[in-house]
Each structure stands twice: as C-alpha cells, then as structure tokens.
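Guided by the hints, dock chain H onto chain C, whose structure is given.
Quick mapping for you: the protein sequence lines, in order, are chains C and H. For the first sequence, position 61 (counting from the first letter as 1) is numbered 60 according to numbering that gives the first Met the number 0, and the numbering increases by one without interruption. For the second sequence, position 176 (counting from the first letter as 1) is numbered 175 according to numbering that gives the first Met the number 0, and the numbering increases by one without interruption.
To be clear, the hints were calculated from the coordinates, so they are not data collected in a lab. The beta-carbon is built from N, C-alpha and C at its ideal position, and this holds for glycine as well. Mixed in with the good hints there might be a few duds.
Between beta-carbon pairs, the in silico distance windows are [as the list claims (entries may be wrong)]:
no., chain 1, residue 1, chain 2, residue 2, range
1, H, Y128, C, L127, 50 to 58 Å
2, H, L15, C, V336, 58 to 66 Å
3, C, F273, H, S131, 52 to 60 Å
4, H, S131, C, I27, 53 to 61 Å
5, H, A29, C, D311, 20 to 28 Å
6, C, L13, H, A29, 31 to 39 Å
7, H, H24, C, S289, 19 to 27 Å
Derived list of chain C stretches under chain H, where covered just means 3 residues or more per stretch with a C-beta under 8 Å from a C-beta of chain H [said to hold, decoys possible]:
no., segment
8, 110-123
9, 169-183
10, 298-312
Just a few of them, taken from the derived set where beta-carbon distance is under 8 Å, the chain H residues facing chain C [unchecked claim]:
no., residue
11, I7
12, I14
13, G17
14, M18
15, T21
16, F22
17, V27
18, V30
19, T31
20, Q33
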Amino acid sequence: MDQLLQKLISSDVLVYLIIAVIPLLWVIPYALFAVWLERKVSAHMQDRLGPMRVGGWHGWAQTIADIIKLLQKEDIVPTAADKRLFTLAPFVVFMGSYAAFAAIPFSSAYIGSGVNIGLFYIIAVSSLVVIGLLMAGWASNNKWSLFGAMRSAAQIVSYEIPTALALLAVVMIAGSLDLQEMNRQQSGWFWNWYIFHKFPFVFLAFVIYFVASLAEVNRTPFDIPEAESELVAGYHTEYSGMKFALFFLAEYANMFAVSAIASSLFLGGWNSPFGDFLSGPLWGVFWFLSKGMFFIFIQMWLRWTLPRLRVDQLMYVSWKVLTPWAFVCVVGVGLWVLLG
Amino acid sequence: MKRYFKDIFASIWTILIGMKVTFKHLFVPAVTIQYPDVKLKLPERARNRLYVNIDDCIGCDQCSMACPVDCITIETVKSLPTDDLGVTSTGHKKRLWVTRFDIDIAKCCYCGLCVPPCPTECIVMTDVYEFSEFDRRNLIYNFSAMAPAQVVDARDKYAQWEKDQAAKKAAAAAAKPSAPATNPADATQSQPAPRPVGVPRPQESDPKPSGST
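Just chain C, with the same shape it has in the complex (with noise of 0.2 Å):
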C-alpha cells in the first residue's frame, strides 16, 4: 500500500501522513456507529427501544447530534485544576489508544507500521493510557476523579499481566511478533486459525485475554473506575465537551484495538474462514473490521448481563484466577511447541 503512495506521490511525508490518518477515518466512523450500538443493544436487552427519533430510521443519527452538540459546549476547566495537565490528559490518552492502531494490520496490504515487534509495541503503548487516565484524575483536582485514576491505573497495570502472558502463548507458535507475519500464519481455513491450535491451551489463552482485555478497557464488569454510583463518573468527571469526547473516543477507539488484536491473534485477522473464498485485500478489511464487531458486540452483550465488581475481587480474579492460568497457556504451549 505505501509502495503504491509512493508511486502516485512524490512526497514521502504526505504518504506517511495519509497512511497514518487511514485508521482515524476508521475510528472516527466506528466510534459513532458503537454508541449508537452499545444505546440499541442495551436498550433491546432491557426490553426498550433505545433512541428511535433522530434521523428517522431507529434513531441513527443520534450520536451524531451528540458529538455536534459536544462541539458546541463550553470548554470548561476547573478554577482548582492543574490547567496545563488537565489539558493535556485526553490528548495523552486518544494519543495512547491510537498509537496502538499502527501496528495493527487491517489487510494484507495495510497496516500503518510494519514493525516485526508490532504486538510488543502495542503492548508497550497502550500503556500510555494510563498515565492519561492518571494525569487526567489528578489534575481535575476532584476526589472522584483521583479515585477513578487510581483504581484504573491499579486495574490496567494488573490486568497487564495475564494479558502479556496469554499473548505469549499465541507468540511462541507464530515465533513472531509481526502480526501480519501472524495473519498470514493463519491463512486457509478457519481450522488454521490460532484459537483452534494446541487445544486446550490457546483457547484458554483467549479467553484469559478477552476477560484481561476488558478490563484493560474498563469495560463493565471491570467498570470501577468509571463506577456511575461510586465516583459520579471515575476520571473523566470534571471533562465537559469536546475533551470529554475526546475521553469517550479513546475508549472505544481502545475497545475497538483489543478487539483487533483479538481478531489477529486467534481469528485469523483479514483471513477469509472460508479458505480462497472471498479473500484478497479487499475482503480482507471486511473480514477484519467484521471480527472486531463481533468482539465489540460481545463486549457489549457482556455489559449489559454483568454487574460490576468490586475492587478486591477485581484483583482476585487478576491475580489469582487469570494469572496462574495464563501461566498455565504459557507453560502448556511452550512445551508443546518444544516437544511436538
């Protein structure tokens, strides 16, 4: 894909440019389109309807008169906040989610960055969002803001762990942390994707690493930081507008990276299920994109069937129910790929 900029445009920076900008026009789309989801899914489960008036159809365009009227709101900043912090927080923490999207491969023949530590790097910067998370609770000068902070960095940097090892049984069968070199692994039918090899280890893998993940996106039942009847709204309370937007954006934007790594890791990313059937990088965007949904919808069906925990059994199931059984995967795998 940059091959072909580059022979339309001379500039190598305004390649690099438009390469870096194609996952935001994915994004941006996507973020609208999920809460509007998340509104419709959650409203269905609960027997309503959801919003149903803007735009006609089922309310479609509802999120998109939330995000004009977020535009339109004053930008508003505590007289007790530490301005320049509390400025820069959402900026750190889009900026941490969106950094994840360059190493990850929406087709064969795109992904941002082509780096061959790309999972490591993902890992590596996801990271940021939490000192986002913590800058914005702190600077916001606000109680509940400071408890959210710490509650997520404390969720994150634990559930950092399992999710690591889970990944690094996926890596020792690759022995790679390209993950187009992964996707492409994968390729043919969907018995070749990871998920179904070295049963049961990857599996458990998996699912260690879809629970650790929701909680590293402080998705319900790992919502504490954000807990609605606890701490008014965790680290974002004193956001208003188009910064908390930004917040907002971030962690869809997060949820849908987790989703992708998901997808890449163990369904076979941009692969076709059906072996040559409708594969080629075209299709490849839409098998991607489609895999991620599908994490996303679980994600969402997951919100609204589960209460939320509390913090002592956050850590419970952090460190000793996913981690020693990520230990498990890791082990099993590794013996496995050394022996068999």
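Only chain H this time, still in chain C's reference frame:
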C-alpha cells in the same frame, strides 16, 4: 483448592446463563410505547381537562364552591323578567347571564369534585391531556359565550331596569303612602341584586374554551 476450581467453573457457567438470558431479551419486543406516535387508551373514567357546556350552565356557582383550589371563577348578571334565556338540556330554566366562566387549568388538581354538584351536568372531565402552553396565561380557559359588549349591555339593561323599578316603587309609595311597599316585580326578583343587570341577546355558543387552540 476444590473450592477454587468450583468457583471458576461456577462463574463461567453463570456468566453463560446470564448471557443466554440477555441474548433472548434482545429479541423480545420492547415494552416502550412511543408516546406521540402511539397513545395508550385512557380508562373510561379518566379525569383530565375540564370542559363546560356553557349552553347548559345556569350560573349556580356550585362547581366553583366545590373546587378545593378555587380555580373556577363565575360571574353572573340577572336577566329581566321579560327575557327568555331558554331551557337547559336537563330542563332547568336559565335565569342568569353567565358573563364569566373562567377555569384556571394550571391550578386545577383534577379531583373532579366540581362535576357531581352541577345540577345540569354541564361541567365534565374529558380525556384530553395534551394542552401544554408556552404562556401560563393561555391556561386560563374562558368558557363564557358572551362577548364583552354583550356583558356590558346586559349589565346596563339590568341597572336600568332596577332603576325603573325603584322609581316605580317610589311613585307608588308617594301615591299610596299608607299601603305596604310590596310590588309584584319585587316578588319575581326575590333576592336583592347587588350587581347591575342585563338584557337578552341571542347566544352564540362556542363549545371550545377560548384559551385553548
């Protein structure tokens, strides 16, 4: 240790059960009623906006007295003995001009206490409940069918008639000083009239309260 594995199994199993329940509900028809498009049928005896059939009103003021929040204001003018105001649909003879019949629906508490006292059953509660207004003053409904000019006319006529009666009485008293001051006209107007009097006019009945659109 056994407990640990049991807990993990139970949590996964119960999460799956919960997901099954929520997934089923995804396809259950919503209970939401989309209000302006779809309206629930009101019960037969629902108490909503008050309506006064002013053609049947005899101006007896009983609804106003029954009202616990004093939202009904009625003013009447007596008719002349020569006037014929007609009969209500319930057969009561109308003797008073109802010059004002205002209901401040913003104050109304929808208790329905004004309805049973009405001798002619002309004040009723309807099933209309959508009558919000941008201006609070529009919520004062004027039910009287009389135009302001007609009201003034009726008052003047009654005042004139009262004056004539007084003059007649004085003349009669002057002519027969010993006779008791009784008068057949006074018998028909048995009560003292504190307010001025009116004259018959053809009524143009407008069943809609003027305050609502």
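Of the hints stated earlier, which fail here?
2, 4, 5, 6, 8, 9
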